[in-house]
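Starting from the known structure of chain A, arrange chain B on it as the hints suggest.
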Amino acid sequence: MERYFQPEIETMSRDKMIDLQNEKLVKQINHVWNNVPYYRKKMEEAGVTPDDIKTIDDIHKLPFLTKDDLRKAYPYGMLGTDMKNCVRIHSTSGTTGKRVVAFYTQGDIDLWEDCCARALVAAGATKDDVVQVSYGFGLFTGGAGLNGGSHKLGSLTVPTSSGFTDRQIMFIQDLQATVLCCTPSYATYLAEKMQEMGLTPEDIPLKAGIFGAEAWSEEMRHDIEKSMGIKAYDIYGLTELSGPGVAFECSEQQGMHINEDHFLAEIIDPNTLEVLPDDTEGELVFTALDKEAFPMIRYRTRDICTLTRKKCSCGRTHVRMAKPKGRSDDMLIIRGVNVFPRQIETVLLNEGYAANYQIIVDRVKHSDTLEVRVEMTPDMFTDNVGEIEDMQKNLMNAIHAMLGIKAKVTLVAPKSIARSEGKAVRVIDKRKI
Amino acid sequence: MSVKQISVFLENRPGTLQSMTAVLAAKGIDMRALSLAETKDFGIARLIVDDVMEAMTVLSDDDFIAKTTSVLCVEVPDVPGGLDKLLQVFAKENVNLEYMYAFLGAKNIDKAYMIIRTSDTRAAEQKLKKTGLKLLSQHDIANI
Numbered sequence: 018m019e020r021y022f023q024p025e026i027e028t029m030s031r032d033k034m035i036d037l038q039n040e041k042l043v044k045q046i047n048h049v050w051n052n053v054p055y056y057r058k059k060m061e062e063a064g065v066t067p068d069d070i071k072t073i074d075d076i077h078k079l080p081f082l083t084k085d086d087l088r089k090a091y092p093y094g095m096l097g098t099d100m101k102n103c104v105r106i107h108s109t110s111g112t113t114g115k116r117v118v119a120f121y122t123q124g125d126i127d128l129w130e131d132c133c134a135r136a137l138v139a140a141g142a143t144k145d146d147v148v149q150v151s152y153g154f155g156l157f158t159g160g161a162g163l164n165g166g167s168h169k170l171g172s173l174t175v176p177t178s179s180g181f182t183d184r185q186i187m188f189i190q191d192l193q194a195t196v197l198c199c200t201p202s203y204a205t206y207l208a209e210k211m212q213e214m215g216l217t218p219e220d221i222p223l224k225a226g227i228f229g230a231e232a233w234s235e236e237m238r239h240d241i242e243k244s245m246g247i248k249a250y251d252i253y254g255l256t257e258l259s260g261p262g263v264a265f266e267c268s269e270q271q272g273m274h275i276n277e278d279h280f281l282a283e284i285i286d287p288n289t290l291e292v293l294p295d296d297t298e299g300e301l302v303f304t305a306l307d308k309e310a311f312p313m314i315r316y317r318t319r320d321i322c323t324l325t326r327k328k329c330s331c332g333r334t335h336v337r338m339a340k341p342k343g344r345s346d347d348m349l350i351i352r353g354v355n356v357f358p359r360q361i362e363t364v365l366l367n368e369g370y371a372a373n374y375q376i377i378v379d380r381v382k383h384s385d386t387l388e389v390r391v392e393m394t395p396d397m398f399t400d401n402v403g404e405i406e407d408m409q410k411n412l413m414n415a416i417h418a419m420l421g422i423k424a425k426v427t428l429v430a431p432k433s434i435a436r437s438e439g440k441a442v443r444v445i446d447k448r449k450i
Numbered sequence: 008m009s010v011k012q013i014s015v016f017l018e019n020r021p022g023t024l025q026s027m028t029a030v031l032a033a034k035g036i037d038m039r040a041l042s043l044a045e046t047k048d049f050g051i052a053r054l055i056v057d058d059v060m061e062a063m064t065v066l067s068d069d070d071f072i073a074k075t076t077s078v079l080c081v082e083v084p085d086v087p088g089g090l091d092k093l094l095q096v097f098a099k100e101n102v103n104l105e106y107m108y109a110f111l112g113a114k115n116i117d118k119a120y121m122i123i124r125t126s127d128t129r130a131a132e133q134k135l136k137k138t139g140l141k142l143l144s145q146h147d148i149a150n151i
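Protein chains in written order, with the working numbering: chain A, 18 to 450; chain B, 8 to 151.
By construction, these hints were calculated from the structure, which means they are not laboratory data. If you're wondering where the values come from, they're calculated on a predicted model, not measured in any experiment. A couple of the hints might just be wrong.
As the list claims (entries may be wrong) - With a Cα cut of at most 27 Å, we get these calculated DSS-like pairs of lysine-lysine:
hint: 1; chain 1: A; residue 1: K210; chain 2: A; residue 2: K248
hint: 2; chain 1: B; residue 1: K114; chain 2: B; residue 2: K11
hint: 3; chain 1: A; residue 1: K410; chain 2: B; residue 2: K118
hint: 4; chain 1: A; residue 1: K71; chain 2: A; residue 2: K327
hint: 5; chain 1: A; residue 1: K210; chain 2: A; residue 2: K243
hint: 6; chain 1: A; residue 1: K447; chain 2: B; residue 2: K47
hint: 7; chain 1: A; residue 1: K432; chain 2: B; residue 2: K34
hint: 8; chain 1: B; residue 1: K137; chain 2: B; residue 2: K118
hint: 9; chain 1: B; residue 1: K47; chain 2: A; residue 2: K382
hint: 10; chain 1: B; residue 1: K47; chain 2: A; residue 2: K432
hint: 11; chain 1: A; residue 1: K410; chain 2: A; residue 2: K210
hint: 12; chain 1: B; residue 1: K134; chain 2: B; residue 2: K118
hint: 13; chain 1: B; residue 1: K74; chain 2: A; residue 2: K410
hint: 14; chain 1: B; residue 1: K47; chain 2: A; residue 2: K423
hint: 15; chain 1: A; residue 1: K425; chain 2: B; residue 2: K47
hint: 16; chain 1: A; residue 1: K432; chain 2: B; residue 2: K74
What the hints assert, rightly or not - So these bits of chain A aren't anywhere near chain B, every CB distance computed over 12 Å:
hint: 17; residue: V147
hint: 18; residue: M187
hint: 19; residue: N288
hint: 20; residue: L349
hint: 21; residue: S384
Note that beta-carbon positions come from the ideal geometry of N, C-alpha and C, so glycine has one too.
Just chain A, with the same shape it has in the complex:
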């Protein structure tokens, strides 16, 4: 029997959902018009007023928001309410220039945590489960989101944050954790460590894992499931929209259900900006229908995927998105393996590095080489050569676990990675093919 956290919303009829979205969109556009001068100006430039937006079918009239807008509006330009009403911020890593700082009211936090609780229930969690949250805590949204969701559900929450792998495994065993939340690359690493320690799936109390915040393959899913004896679920989100839980997998695992009572999804052609029909590949665009403090309207995620409204046998009626392929314009093929810079970035963040990196691909004697140059930070630097070499080695292992190919890791001086127009040059491909 499929269980839901909020059955009345998660299994709501399509008609009712559209009515709800129409009502919320009208309200949200008025809110933004009145409270976010940056977006109001964009609307005025596009010749649209709130009166033009009556239903979700009118959404195509509204201007898009991009990461570039958020950078221009940094830090308060997109704020939709008085700072006094905000209770928290989270922030992106700032890899492509300035960080995005997202503000939250208590209402924003509540709806986000509901979304995460829905994902946990969809992965089989109940209030009797022990949920270990091994996502990083802090400015990163991963830890806070799943932690909050687990609280809402009433599960015993173990907020280990990332790192200290031995301690992670100790807690999983000693507290009999049944649900693990972390990035898939960290799950792979944990699984390897457990294997090295001689633990078999029977020794591991975990039954499910929710793994997101980075791109991962079906192959990785099967490896994690097999080595830990669990079912692995994908989760999707981005800081701009709140964090993880914008969409999540149900037991069917045929795409991720988007929490579309809060986040209205569209797929557009990234070149013509035309809205595309369901089941067509394009760029995912979101409108946050309820968020007060950081109300994103038609925010371009740059993630390439498809949407489907075909009925899901889990009973949830919400639209499903396919696993994003990552940004198509960024993909590299190294030794026959598809590599997205974002995957490397994710590993760096997991391992506690600032995501100031550069990827250098070359071809030596007919074989591709991959070098990842990472800027040293004052936090990481120690006077001990051995410790720094160990950090290098750990990072190499983590990149290998994520990509399936080996990379050389070089630690470089701060600000030594070339930047052009404020943006770091992430990839240097020296191959002459």
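Just chain B now, kept in the frame of chain A:
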């Protein structure tokens, strides 16, 4: 009585050490001692200077990654067996040395100075004190 050593992260390629010395030279920082630890990719320059605060400020202003570490500075007579006498103390007391380097004083030509990093600076300091060997303070360093 420990002293502050400055450790600086340097990439292992031509010119990086000089870019650091240029910054220090421009501000008139006087180096008492210098040691380099290197690997294939990077190195750590360890310095003892007359003005730690000023050196740290100019280095970080120029985007160098620098940290201070507590080390011991011990005066030994510059004669055969001088260092051995010091090391006997550590061997006997089972103190582990992480690294060590030496410099000569400008004023006291019959003395040598050992910069010593141990895993437990405080414990090593206590043990050395009992032997009557002279430990230098930050103030002493600036004046030798």
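Here is how each hint holds up against the structure:
no. : hint               : verdict
1   : A/K210 with A/K248 : holds (19 Å)
2   : B/K114 with B/K11  : holds (21 Å)
3   : A/K410 with B/K118 : violated (42 Å)
4   : A/K71 with A/K327  : holds (26 Å)
5   : A/K210 with A/K243 : holds (14 Å)
6   : A/K447 with B/K47  : holds (22 Å)
7   : A/K432 with B/K34  : holds (22 Å)
8   : B/K137 with B/K118 : holds (20 Å)
9   : B/K47 with A/K382  : holds (22 Å)
10  : B/K47 with A/K432  : holds (21 Å)
11  : A/K410 with A/K210 : holds (15 Å)
12  : B/K134 with B/K118 : holds (21 Å)
13  : B/K74 with A/K410  : holds (22 Å)
14  : B/K47 with A/K423  : holds (18 Å)
15  : A/K425 with B/K47  : holds (12 Å)
16  : A/K432 with B/K74  : holds (18 Å)
17  : V147               : holds (38 Å)
18  : M187               : holds (26 Å)
19  : N288               : holds (40 Å)
20  : L349               : holds (23 Å)
21  : S384               : holds (20 Å)
In summary, the structure is inconsistent with hint 3 from the numbered list given earlier, while agreeing with all the others.
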